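Chains as they are written, first to last, in our numbering: chain A, 1 to 146; chain B, 1 to 146; chain C, 1 to 146.
Among these hints, one or two may not hold up.
If several chains are the same, the list does not tell them apart, and a pair holds so long as it fits within one copy or across any two.
Stated by the list, open to error - Below 25 Å or equal to it, Euclidean Cα-Cα: the simulated DSS-like pairs (lysine-lysine) are:
{"#": "1", "residue 1": "K69", "residue 2": "K115"}
{"#": "2", "residue 1": "K115", "residue 2": "K2"}
{"#": "3", "residue 1": "K136", "residue 2": "K115"}
{"#": "4", "residue 1": "K117", "residue 2": "K2"}
{"#": "5", "residue 1": "K2", "residue 2": "K136"}
{"#": "6", "residue 1": "K13", "residue 2": "K136"}
{"#": "7", "residue 1": "K13", "residue 2": "K69"}
{"#": "8", "residue 1": "K69", "residue 2": "K5"}
{"#": "9", "residue 1": "K117", "residue 2": "K136"}
{"#": "10", "residue 1": "K13", "residue 2": "K2"}
{"#": "11", "residue 1": "K5", "residue 2": "K117"}
{"#": "12", "residue 1": "K5", "residue 2": "K136"}
{"#": "13", "residue 1": "K5", "residue 2": "K115"}
{"#": "14", "residue 1": "K69", "residue 2": "K117"}
{"#": "15", "residue 1": "K13", "residue 2": "K117"}
{"#": "16", "residue 1": "K115", "residue 2": "K13"}
{"#": "17", "residue 1": "K2", "residue 2": "K69"}
Honestly, the hints are just simulated from the structure, not real lab data.
Just so it is clear, the structure is predicted and the values come from calculations on it, not from any experiment.
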Amino acid sequence: MKIYKERIDLESKSQIEFMDITDSVQDIVDRSGVREGQVLVYVPHTTMGIAINHNESMLLQDFMRILYKIVPVDAQYSHDLFELRRQSGSDGRSNGHSHCKAILLGNSEVVPIEKGKLVLTERQNIFAVEFDGSRKRDVVVQIIGL
Amino acid sequence: MKIYKERIDLESKSQIEFMDITDSVQDIVDRSGVREGQVLVYVPHTTMGIAINHNESMLLQDFMRILYKIVPVDAQYSHDLFELRRQSGSDGRSNGHSHCKAILLGNSEVVPIEKGKLVLTERQNIFAVEFDGSRKRDVVVQIIGL
Amino acid sequence: MKIYKERIDLESKSQIEFMDITDSVQDIVDRSGVREGQVLVYVPHTTMGIAINHNESMLLQDFMRILYKIVPVDAQYSHDLFELRRQSGSDGRSNGHSHCKAILLGNSEVVPIEKGKLVLTERQNIFAVEFDGSRKRDVVVQIIGL
Chain A
1 MKIYKERIDL ESKSQIEFMD ITDSVQDIVD RSGVREGQVL VYVPHTTMGI
51 AINHNESMLL QDFMRILYKI VPVDAQYSHD LFELRRQSGS DGRSNGHSHC
101 KAILLGNSEV VPIEKGKLVL TERQNIFAVE FDGSRKRDVV VQIIGL
Chain B
1 MKIYKERIDL ESKSQIEFMD ITDSVQDIVD RSGVREGQVL VYVPHTTMGI
51 AINHNESMLL QDFMRILYKI VPVDAQYSHD LFELRRQSGS DGRSNGHSHC
101 KAILLGNSEV VPIEKGKLVL TERQNIFAVE FDGSRKRDVV VQIIGL
Chain C
1 MKIYKERIDL ESKSQIEFMD ITDSVQDIVD RSGVREGQVL VYVPHTTMGI
51 AINHNESMLL QDFMRILYKI VPVDAQYSHD LFELRRQSGS DGRSNGHSHC
101 KAILLGNSEV VPIEKGKLVL TERQNIFAVE FDGSRKRDVV VQIIGL
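Extracted from the complex, chain A is given alone in its bound form (with noise of 0.2 Å):
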């Protein structure tokens, strides 16, 4: 049994944005030799989740108008002025939306491994899932198996 990491590094380029990385996780799992097992991917931030299905791009603005529905943006955001008030470390963002959506939406998937490859149907994919672009981000990639 071995246990295997890597990052991922990405630099969104809007505000809300589904980055695909399923072919990044499988070439970290071709890398961790691991034949049987599972894949952790994990988002070590606030304003980014991860998000499994079809990358579609008609779905994908589907999911995100109904996340600006349940989360308007131009609603009133008490974060917003915990971070206008910040003396230092703040960016100035209004992003208090932006936590509520990552929320959500959770900061990890496990995916199984079968004979090295990712158990992924067709329309299957993994997203780093940015809600506060545009960043530089990372995502980790951890294996355990055989």
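Take the given structure of chain A and dock chains B and C to it, following the hints.
Just chains B and C now, with coordinates in the frame of chain A:
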């Protein structure tokens, strides 16, 4: 430390359905021989999710009502146009809402195993949740432990 | 490769409460002796969830407001009638909304461990989130690694 994997075959009967797989997952834990460890329950599908909660039919209806309110079936989903336009491989389903519901729920849950038993309290059950049935489905159950 | 498990005992004071368990989880990682691995944080309850985000009180209020909007306390939940009708074992709580909130949040999160430390950035904290307090509760923390 060992690793063990099986699939559970399911057949959903209705469009949205909570399928209680708790006993099947415990059976797989039994066959694995693992006494201390954890089980990953994962759906390799884009219109299903995993949930853990009380198997009480009125509660499940309450939760479905919440999901329908957040992600209405009668709203317009761009993904449904995508599916209509595909020349092949489309099954003609208007399932944009099913994908959105699945992303909100997530593809996996991890449950600890203690003395060979799932760490679940009396009212906790593991559900594979179908959002685009009826269909033949499967769930991956992977166990790591001693 | 080793596996190590402890429980954290908690007592929530209000109906909805974010309990920051980051330091307790790190203490368990320390006691496990694991340097490279991952920690599963799991709630064996049907009206609690796990979240990872910034421990900033105004942000937590923002998120609670979003959850109350999605799953209102003053709506009618069929589950509440179920609880009223039970002859025994019911605590008489109208907690249909609490179960629904818990399902949306999910029962578990998995966090990588690097050089003996949780991989959390400065503003990430791990919360056990109570949706039906006040109650005595526990959280299962399980570590796998080297």
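Enumerate the violated hints, using their earlier numbering and listing them in ascending order. 1, 5, 8, 10, 14, 15, 16, 17
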